[in-house]
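Asker: Listed below are the residues making up each chain.
2 protein chains.
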Amino acid sequence: MDGTRVFLANSNQHINIGKETHSRNGFVYVKNPHLDLMEEDILYHLDLGTKTHNLPAMFGDIKFVCVGGSPNRMKAFAQFMQKELGHEGEDNDLKNICAGTDRYSMYKVGPVLSISHGMGIPSISIMLHELIKLLHHAKCCDVTIIRIGTSGGLGVEPGSVVITDVAVDSFFKPQFEQVILDRVVTRSTELDQDLASELLKCSGKDFPTLIGHTMCTYDFYEGQGRLDGALCCFSNEKKLEYLKRAYNAGVRNIEMESTVFAAMCRLCGLKGCSTIKI
Amino acid sequence: MDGTRVFLANSNQHINIGKETHSRNGFVYVKNPHLDLMEEDILYHLDLGTKTHNLPAMFGDIKFVCVGGSPNRMKAFAQFMQKELGHEGEDNDLKNICAGTDRYSMYKVGPVLSISHGMGIPSISIMLHELIKLLHHAKCCDVTIIRIGTSGGLGVEPGSVVITDVAVDSFFKPQFEQVILDRVVTRSTELDQDLASELLKCSGKDFPTLIGHTMCTYDFYEGQGRLDGALCCFSNEKKLEYLKRAYNAGVRNIEMESTVFAAMCRLCGLKGCSTIKI
Numbered sequence: 001m002d003g004t005r006v007f008l009a010n011s012n013q014h015i016n017i018g019k020e021t022h023s024r025n026g027f028v029y030v031k032n033p034h035l036d037l038m039e040e041d042i043l044y045h046l047d048l049g050t051k052t053h054n055l056p057a058m059f060g061d062i063k064f065v066c067v068g069g070s071p072n073r074m075k076a077f078a079q080f081m082q083k084e085l086g087h088e089g090e091d092n093d094l095k096n097i098c099a100g101t102d103r104y105s106m107y108k109v110g111p112v113l114s115i116s117h118g119m120g121i122p123s124i125s126i127m128l129h130e131l132i133k134l135l136h137h138a139k140c141c142d143v144t145i146i147r148i149g150t151s152g153g154l155g156v157e158p159g160s161v162v163i164t165d166v167a168v169d170s171f172f173k174p175q176f177e178q179v180i181l182d183r184v185v186t187r188s189t190e191l192d193q194d195l196a197s198e199l200l201k202c203s204g205k206d207f208p209t210l211i212g213h214t215m216c217t218y219d220f221y222e223g224q225g226r227l228d229g230a231l232c233c234f235s236n237e238k239k240l241e242y243l244k245r246a247y248n249a250g251v252r253n254i255e256m257e258s259t260v261f262a263a264m265c266r267l268c269g270l271k272g273c274s275t276i277k278i
Numbered sequence: 001m002d003g004t005r006v007f008l009a010n011s012n013q014h015i016n017i018g019k020e021t022h023s024r025n026g027f028v029y030v031k032n033p034h035l036d037l038m039e040e041d042i043l044y045h046l047d048l049g050t051k052t053h054n055l056p057a058m059f060g061d062i063k064f065v066c067v068g069g070s071p072n073r074m075k076a077f078a079q080f081m082q083k084e085l086g087h088e089g090e091d092n093d094l095k096n097i098c099a100g101t102d103r104y105s106m107y108k109v110g111p112v113l114s115i116s117h118g119m120g121i122p123s124i125s126i127m128l129h130e131l132i133k134l135l136h137h138a139k140c141c142d143v144t145i146i147r148i149g150t151s152g153g154l155g156v157e158p159g160s161v162v163i164t165d166v167a168v169d170s171f172f173k174p175q176f177e178q179v180i181l182d183r184v185v186t187r188s189t190e191l192d193q194d195l196a197s198e199l200l201k202c203s204g205k206d207f208p209t210l211i212g213h214t215m216c217t218y219d220f221y222e223g224q225g226r227l228d229g230a231l232c233c234f235s236n237e238k239k240l241e242y243l244k245r246a247y248n249a250g251v252r253n254i255e256m257e258s259t260v261f262a263a264m265c266r267l268c269g270l271k272g273c274s275t276i277k278i
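Those sequence lines, one after another, are chains A and B.
Residue numbers 1 to 278, in UniProt numbering, belong to the letters of the first sequence in order.
Residue numbers 1 to 278, in UniProt numbering, belong to the letters of the second sequence in order.
In short, the hints are calculated from the structure, not lab data.
One or more of the hints may lead you astray.
Intra- or inter-copy, both count: the list cannot distinguish identical chains.
What the hints assert, rightly or not - Below, simulated DSS-like cross-link-like pairs (lysine-lysine); rule was C-alpha separation at most 27 Å, straight line: (1) Lys205 <-> Lys238; (2) Lys75 <-> Lys95; (3) Lys31 <-> Lys238.
Please model the entire structure based on the sequences and the hints provided.
Answerer: As structure tokens, this is what we get:
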């Protein structure tokens, strides 16, 4: 699906506002004419800003961004990258760049940025807005972003890794509905297929790896068919029937961030992929 | 608005499934018949469980729960409560009860529980499911829950506190749409009016306090009319026109958690209120 469809709330009126994906010499770009008119851009939730920090000097060499829900895990991932890239000696004391706020944690190891995003679409969306502006201000080029994490699997062996080709919503549709003021805009959630194939080639024999659809919900309990939330009004049979339909629609895992992640990467020139362990 | 309306995805069919609010001798209750059949209930994101922890002994005396987005702020609030309740001597070393996970932070000071919930509806929703089960397992009775925090104001003096009477969505409707499997269920978002009046009476002269509607969005940037996100396709005029309509609909502040907070408190017998500083 290309382009963006806008429909007005409480109506069925749809407006095509054009194809949203195109390349601009590999630069990460914002789609906001107001930003150029601002004297200063403060990235509130990252505790960074264009006047207080030299963003090109701090981040200009970034080529890979890895994002995941938990701050501890993203620190552990950065430590792993230090070892992998032989950066251990240079910077033993890995510094949380966003230490001035407790909203997100961020670590940089050479060309790799590791950032936490909390749980759910709204939480990762705030981080992505500010990350994309950060990469734009820093004049980063040809950036690949990979979401890493764990999730529930669907008909997939435990321990497998699912590489997402497209994120779908609770109704198995490959779209993300963004409310802008009180309009609902439908955005495509297709991820970079070349990157997905490339990552599949990298997989070893330690665990099964496959490409599949990832379903993204707004809720961990009622939305994902769990029977152990504070609220549950469906039977085990209804749950299984729903999950079977999801499987038949190509869904191989379920999590809570992939649709907005795919939509925003696609709109802003970030080569994005999601690799989730079951 | 009472009761719950269910409509099937992709149709206009609505089903009334009855009034959802009623009291059960003041106990916090779950609405899930499956829980009674489970040998153990693990509260994954709180790192607590019915077999690993004596929940009634740990939490049975809880009467007030205060929730807010930031872990640091909820620790600071617990420290403030220690001073207010004269508990300083007893437990100087305030312990994070959820230290085994970095998803949420939780502190207990006498009958007061202070918990962080992260940012956005999905994040607070996970916490509320597990908190409600915790209070249920601990046999807590007559519990009042108050969301505290900061937010953007609408036609309100900076420094004011808005006490929410009802949470509304981006279309100014007093409802929360919960996706259950692939059905959409509409839930009421009215908060406890007596509690709101009681809190208003407690306000001093240090800052203006008022009762008003709180608008809850899924997004901090495009959804709240901000001109400084990575994506923005509306003009300043469109933004102001939208915010004016919100004001005329009774909205006095905008944040990202209140609709699901109101809906879940109402369904599970928690006297809930939201007090947000502008």
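Asker: Evaluate each hint against the coordinates.
Answerer: Here's how the hints hold up against the structure:
no. : hint              : verdict
1   : Lys205 <-> Lys238 : neither (36 Å within a copy, 54 Å between copies)
2   : Lys75 <-> Lys95   : both (9 Å within a copy, 23 Å between copies)
3   : Lys31 <-> Lys238  : between (42 Å within a copy, 17 Å between copies)
Violated hint for the displayed structure: number 1, the only one.
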